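**Student:** Sequence:
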Amino acid sequence: MEEDTLPLQISHYFSTTFNADIGWAHNSPATDWSSFSGNGLAIPFYGFDDPIFSSLLSENPPLVSASDEKSLRILHLLMAAAEALSGPQKQRELAGVILFRLKELLVPTESAATIVERLAVHFTKALQSLLAGKGPSFHRHPAADELPALQLMQDMSPYISFGYLTANQAILDAVSGFQQVHIVDFDIKEGLQWPSLIQALVSHKNGNFTSPSLRITAVASGKWSMAKVEETGQRLTAFAASVSLPFSFDHCRLGRNQRFRPAAVRTVKGDAVILNCVLQWPQTPNRTATSVKSFIGGAAAVGACLVTVVEEENDGGEATVTAAAGFTGKFMDEMKRHWAMMEALEEGFPKQRMAREMVEKEILAPRIAAAVWKAYCEEEGGVGEWMAAAGFRRVDLSGFNVSQARMLIKLFNYGYRVEEENPNKLVLIWKSRRLVCATTWAVPPAAAGEAARETCL
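Those letters in the sequence shown? Residues 1 to 457, per the working numbering, in order.
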């Protein structure tokens with residue numbers, strides 16, 4: 001399938017282009033769509049009011065087909081198992097019985113014909129891990145498997161690019177006029193967010209015909225995380241050199257209690273310091289709510305002029321789901337989120353079965369395990385809600401940023417849309433399902449005064 005190459009060159013200064021020539025150069029494999037066959041095009045938008053979920057949530061469910069009846073039975077069993085696991089200890093035996101019944105009903109994911117069946121396999125495995133008292137298996141995929149899957153996900157869905165695009169443009173808007181930009185990245189992963197920002201900084205001369213310098217400090221935890229961070233740093237350094245951007249890369253570790261230590265970040269007077277926190281892929285077991293809050297809470301101490309946050313959205317439009325207490329309600333929310341993601345991939349690329357299977361196996365399956373474990377173990381709400389309560393100030397997104405996000409989703413099928421919920425918040429939605437949001441913040445006034453540093457606001 002031929003890739004779209006529409007450049008978003010609305011102004012002289014933009015955060016992302018959608019051109020195959022701008023990417024990881026030799027450091028990231030290009031997607032060979034011919035190996036996945038077919039020329040699947042987007043199909044019409046039908047709305048996310050799926051009859052199966054409607055039946056699951058309604059007191060007077062509509063009539064469904066025989067195949068939908070099986071799907072409904074599977075979803076009922078999943079919800080019953082989740083409820084049993086969240087109840088008293090004596091119900092864990094019941095959860096085991098339900099999960100055994102689910103295994104009888106389900107077939108392996110490679111043989112599953114429907115989204116419900118494939119989804120149920122992954123969620124059943126996640127519940128079995130909870131029952132056994134085991135955390136999710138955070139697979140250390142080799143780059144040969146993981147990077148192509150991430151590239152495919154970016155090509156097939158705006159789910160990843162949306163957050164990166166919005167955060168990057170907010171950073172560019174904030175650092176205009178500065179010659180030294182320093183980004184502290186909470187979870188850099190493969191570093192896929194930063195090549196487009198590097199490209200944009202090269203094109204932005206700050207009025208004196210020189211590009212600003214960029215320094216990225218990645219926050220790591222554990223030996224494996226540190227090794228991966230160093231690999232990412234090498235790729236970013238090579239990429240920046242290839243486009244002649246002054247660039248340096250550093251890293252720091254979380255403390256023993258998984259808390260961020262601002263003193264571990266080396267800052268220079270005059271830097272425009274940005275804290276970047278992308279939380280939409282909960283695949284790192286040590287990135288707890290406590291570590292996230294300690295990172296954001298350190299914004300004033302490092303002199304940050306902007307905090308960018310990308311996180312998954314709860315389905316606030318469904319009171320029947322969000323009002324459900326504890327783990328069961330969050331479990332339902334995760335099922336709906338991943339249902340929407342898999343549905344979007346299938347509707348947008350119906351003929352690229354192999355590509356979808358790769359994304360589901362390498363990205364969505366481990367992600368489901370992590371999301372369910374997190375929902376079970378953590379009681380924390382959204383980071384944005386906590387930041388507002390803690391006194392962080394909302395920083396308005398530029399009109400160009402909003403327009404750019406809306407142009408991004410036009411590269412994909414018609415089910416996606418972007419909502420500007422607050423002046424500092426954009427939400428990516430698939431049909432009626434809220435998926436991920438991006439927000440921008442400044443440190444509380446009192447904390448900013450105590451830090452007494454030059455800022456870019």
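Keep in mind that the hints were calculated from the coordinates and are not lab data. For clarity, every value in this text was computed on a predicted model and none was experimentally measured. Please note that the accuracy of each hint is not assured.
Stated by the list, open to error - List of simulated lysine to any residue pairs, SDA-like, C-alpha gap at most 25 Å:
id, residue 1, residue 2
1, 361, 200
2, 410, 113
3, 103, 129
What the hints assert, rightly or not - Computed beta-carbon distance windows for the label pairs:
id, residue 1, residue 2, range
4, 403, 113, 17 to 25 Å
5, 389, 105, 51 to 59 Å
6, 268, 114, 53 to 61 Å
7, 91, 261, 39 to 47 Å
8, 243, 403, 24 to 32 Å
Don't be surprised by glycine CBs; every beta carbon is placed ideally from N, CA and C.
**Student:** Run the structure past the numbered hints and jot down the numbers of the failing ones, going up.
**Tutor:** 1, 2, 4 and 5
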